[in-house]
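There are 2 protein chains.
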Amino acid sequence: MPLFLDIHRHIPGLTKDAVEGAHQRDLATQSKHDAKFLNYWFNDRTGDVFCLVEAPSKEAAVRVHQEAHGLVADEVVEVREGE
Amino acid sequence: MPLFLDIHRHIPGLTKDAVEGAHQRDLATQSKHDAKFLNYWFNDRTGDVFCLVEAPSKEAAVRVHQEAHGLVADEVVEVREGE
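Just so you know, the protein sequences line up as chains A and B, in that order.
For the numbering used here, add 318 to where a residue sits in the first sequence, where the first one is 1.
For the numbering used here, add 318 to where a residue sits in the second sequence, where the first one is 1.
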């Protein structure tokens, strides 16, 4: 399954609770799009969030965010994990 | 220990072997700076690399790359991992 890092930059007013809540909504939505959100990293001062997600396509990964909470990433980069 | 995601964008001519070699040099260098490179993700078409690293400071994380192979990240973002 392809792997993507989605990059959200400078979300205004981002909090730890907000990003946790959004992630929970991703987890509740992902199976509709055959996606699996594996992990995320964030900075609540800069408003940056990085989500690692397996999905059949970039579009499928984007749709999970769209449906779950509407906070679509600024960029989605297909990646391979280092060995 | 603080956690950082370092972001390298559009490295010309990036290959899987090159990024693996650079990562091995990071691993060989990191202890001098009390850093620990945990994982990385890359795209050899776009030339993007994302390294997840524990380090005492952003500067320490940068110095590992400087000494190991000279490919300093475009940006280093302090992050917390999602729970």
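Possibly wrong hints are sitting among the right ones.
Pairs involving identical chains hold if they fit within one copy or between any two copies, as the list cannot separate such chains.
[To be verified] Capping the alpha-carbon separation at 30 Å, the derived lysine-lysine pairs in BS3-like fashion look like this:
{"id": "1", "residue 1": "Lys334", "residue 2": "Lys376"}
{"id": "2", "residue 1": "Lys334", "residue 2": "Lys350"}
{"id": "3", "residue 1": "Lys376", "residue 2": "Lys350"}
{"id": "4", "residue 1": "Lys334", "residue 2": "Lys354"}
These are calculated hints, taken from the structure and not from any lab test.
Remember, it's a predicted structure, so these values are computed and weren't measured experimentally.
Evaluate Lys334 and Lys350 at a C-alpha cut-off of 30 Å and name the case that applies: within, between, both or neither. within (26 Å within a copy, 32 Å between copies)
Check Lys376 against Lys350 for me: Cα-Cα at most 30 Å, and say if that holds within a copy, between copies, both or neither. The answer is within: 15 Å in one copy meets 30 Å, while 39 Å across copies does not.
Up to 30 Å CA-CA - Lys376 versus Lys334, copy category: both (26 Å within a copy, 21 Å between copies)
30 Å Cα threshold - placement of Lys354 relative to Lys334: both (21 Å within a copy, 24 Å between copies)
The structure fails none of the hints (numbered hints given earlier).
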